[in-house]
Amino acid sequence: MSLLQAVRLAWETIRVQKLKSFFTVIGVTIGVTFLIAVVSIVAGMSRYMKDDLIGKIIAVNSFSLRRTPDFQVGDVTQATRAEWRRRPRIYDSDVQPVADVLPSDILWATQSEDNVTLESSYAKSRVSDASAVSSGWFDLKHMGVTDGRLISPQEYQLGTPVVVIGKDVADHFFPNLNPIGRVLTIHDLPYTVVGVAESQGSIFGQSLDKFVVAPEKSPLKRLLVQHGTIDAMIIQAPSDDRMRDAMESVRAVMRGRHHLHPSQPDNFALETSESALDFWNNIQKYLTIAGVALPTVGLVVGAIVIMNIMLVAVAERTREIGIRKALGARRRDILNQFLVESATLSTLGAALGVALGIGFAKLIAAVSPLPAAVAVWSIFVGVGIGAGVGMMAGIYPASRAALLDPIAAMRQET
Amino acid sequence: MSSHTVEAPLSETAERRAVTGAPGATPDNRWVIVTRGIKREYDMGGEVVRALRGVDLAISRNEYVAIMGPSGSGKSTLMNIVGCLDTPNAGEYWLNGQLVSTMTDDALARVRNKEIGFVFQTFNLLPRATALHNVELPLVYAGIGSDERRRRAKLALEKVQLENRMDHRPNELSGGQRQRVAIARALVNDPSMLLADEPTGNLDSGTSEEIMRVFETLASSGQTVVMVTHEPDIAAHARRVVVLRDGLISTDEKREAFTSRLGAS
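Respectively, the protein sequence lines represent chains W and H.
The numbering of the first sequence is numbering that gives the first Met the number 0, which starts it at 0 and goes up by one.
The numbering of the second sequence is numbering that gives the first Met the number 0, which starts it at 0 and goes up by one.
It is worth saying that the hints were derived from the structure and are not from the lab.
Be aware that a few hints might be false.
Computed beta-carbon distance windows for the label pairs [to be verified]:
1) E230(H) <-> L3(W): 42 to 48 angstroms
2) L3(W) <-> D189(H): 21 to 27 angstroms
3) R410(W) <-> D189(H): 24 to 30 angstroms
4) L18(W) <-> G71(H): 43 to 49 angstroms
5) G387(W) <-> N61(H): 50 to 56 angstroms
6) L18(W) <-> N201(H): 32 to 38 angstroms
7) Q16(W) <-> R254(H): 49 to 55 angstroms
8) R168(H) <-> L18(W): 18 to 24 angstroms
9) G53(H) <-> L18(W): 52 to 58 angstroms
10) N163(H) <-> G387(W): 43 to 49 angstroms
11) R331(W) <-> S204(H): 39 to 45 angstroms
12) R254(H) <-> R331(W): 41 to 47 angstroms
13) R331(W) <-> E230(H): 37 to 43 angstroms
14) R14(W) <-> N61(H): 42 to 48 angstroms
Partner residues are not named here, just some residues of chain W that face chain H (Cβ under 10 angstroms, in silico) [as the list claims (entries may be wrong)]:
15) E11
16) T12
17) V15
18) Q71
Anything over 12 angstroms on all C-beta distances counts as not near chain W; from chain H, calculated [said to hold, decoys possible]:
19) N95
20) T101
21) R164
22) L172
23) R212
24) R238
25) L247
All C-beta atoms in this analysis are idealised placements derived from N, C-alpha and C, irrespective of residue type, glycine included.
All chains, please: the whole structure from these sequences, using the hints.
Here you go:
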């Protein structure tokens, strides 16, 4: 009996018992469904992370100088936290010495950030993110305005209480109005709106446009950080190599300023987008392991179910097997017949699982901020798993069938 | 299969002399079945049951032979061995000049497929397949392609006058029709013999006669037919009756053809 014939025979047998066949492979179907769904969601998140998210939060070829890192790979121990608390802050006075070692085509800016309460005459007060920044900041962030203008050099120089606001802030605090020239009150001090920033989009459904930005020298900074300090200095180079050179120069300066011995580690953080990516890759690794391990358990159960049902099928069809052998079926013909039947069943179950998994992933992508990218390779893997599981589950029942004595088998009652 | 011990064969000259009805000859093309000294024993929980104690049988081409015997005579065991479903503990069996008594399971399967056309008392058709597909089954295991299979299966069904029922399933056919499908299936691979085990056992007397007429027609057109039965009425249709008793051949008689019995049909 050729393979094609065996598959046709299997198909006929399965077709006649659709419901029973479905329940036979349900374990495999569910296992593959979740496997595909998890792989798709993790792949989608990964792509989103690398392309969209990381790029939005941390500009390319840039690094930041901070007191403690923003992204940490692995667990942070008590000891680490204690050490972090002992670290000196980044001071205003550190800025110029660092800037001095940077070549002129390297962009830099300082940033101090925290949440503040905003008020206007036109809407309820709300808490929002606020930053006090130096003059290179908008350039570095590639941020422009859709309305009004950016902060002017004079305003940076004088510390004038002006703000550039995000689109969400404009919509909430100045509904149906032009915010330019109007006043936004931050902790009882008035700030004049000079510009509305371009929309920054959103991450996982959360809007990135809920912010205000004021010059560093304005009173806002005092609300955000301890006097005389900043949160971070962000530095951007034209290329990765130049960035790394710049990092080392800055490291040298800061180590000097902190009077560090060569044997002592840095007591400040120099962070690139890599740290953020490492952070994500770690999460992704664990997500993938869990996401693959659990469906695998389902597949093992599914295989056991298939094996048991095939054993019953062989017992019920003993007479048929005897007849086939009497007519000339060899052991391997009978073995193939049942192996192919088992593998076909399981593959169909896996194909259904792939379809359900893709549907499930798309559903999740549609109703939640999680993205899902269906990887084509996972479809082939899913179907391959189906065939493999079916064959393994079917070996024992098929060999039992193949070894039946035709004379005894034909005596069985139907 | 139950446990097997095999005795050593006789020398070649002794073989030749021992072959019944073929003095001094090696089994040649004239003989479909030649058995010599067939013994078959079973171990039933410590006790040894000797089903066959040394059977010598020779059946030539175109013979129509009935094998009779009471229950326990060993006729079923002999039929299984003749049909290559079982191998003897001792003795030889040449089927169409091939020594099959020591063949492997796979080799026996091939021989069954090509040389033996089984017809069973309980029909033994696949219940979920059409008549046509049932008849095609031996060709499937012979590796014949699907167009050729259909052609040959239809021809076989025509021989038993059932070509208009070929898409029916067994449960849509009468007992007599089912047995005719089984006969068509037995013929489809052009076997050396039809081996029928109580073919009318599950049929009423009218249908039984109908089926026996089919066998007669086939025998007349040159088919070798071996029929195992315990009913003398059925055995009477054959040209030769071999009677088994206690694992040995007790009588082996040739008879005249019963054309008068069959009437014009």
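Taking the hints in turn, this is what the structure says about them:
1. E230(H) <-> L3(W): 42 to 48 angstroms: 45 angstroms, holds
2. L3(W) <-> D189(H): 21 to 27 angstroms: 25 angstroms, holds
3. R410(W) <-> D189(H): 24 to 30 angstroms: Once the Cβ atoms are compared, 28 angstroms apart, the range 24 to 30 angstroms for D189(H) and R410(W) holds.
4. L18(W) <-> G71(H): 43 to 49 angstroms: At 47 angstroms between Cβs, range holds.
5. G387(W) <-> N61(H): 50 to 56 angstroms: 54 angstroms, holds
6. L18(W) <-> N201(H): 32 to 38 angstroms: 33 angstroms, holds
7. Q16(W) <-> R254(H): 49 to 55 angstroms: 51 angstroms, holds
8. R168(H) <-> L18(W): 18 to 24 angstroms: 21 angstroms Cβ-Cβ, so the 18 to 24 angstroms window holds.
9. G53(H) <-> L18(W): 52 to 58 angstroms: The hint (52 to 58 angstroms, Cβ to Cβ) holds, given that G53(H) and L18(W) are roughly 56 angstroms apart.
10. N163(H) <-> G387(W): 43 to 49 angstroms: The hint (43 to 49 angstroms, Cβ to Cβ) holds, given that N163(H) and G387(W) are roughly 46 angstroms apart.
11. R331(W) <-> S204(H): 39 to 45 angstroms: About 44 angstroms separates the Cβ atoms of R331(W) and S204(H), which means 39 to 45 angstroms holds.
12. R254(H) <-> R331(W): 41 to 47 angstroms: 44 angstroms, holds
13. R331(W) <-> E230(H): 37 to 43 angstroms: 39 angstroms, holds
14. R14(W) <-> N61(H): 42 to 48 angstroms: Holds: the Cβ-Cβ distance is about 45 angstroms, inside 42 to 48 angstroms.
15. E11: Where the cut-off is 10 angstroms and the nearest Cβ of chain H is about 8 angstroms from E11(W), the hint holds.
16. T12: Hint on T12(W): holds, closest Cβ of chain H at ~8 angstroms, below 10 angstroms.
17. V15: 6 angstroms, holds
18. Q71: 65 angstroms, violated
19. N95: Given a closest Cβ separation of 15 angstroms, the condition holds.
20. T101: Given that every Cβ of chain W is farther than 12 angstroms from that of T101(H), nearest at about 17 angstroms, it holds.
21. R164: 20 angstroms, holds
22. L172: 16 angstroms, holds
23. R212: 25 angstroms, holds
24. R238: 26 angstroms, holds
25. L247: Given that every Cβ of chain W is farther than 12 angstroms from that of L247(H), nearest at about 22 angstroms, it holds.
Violated hint: 18 only; the structure is consistent with all others.
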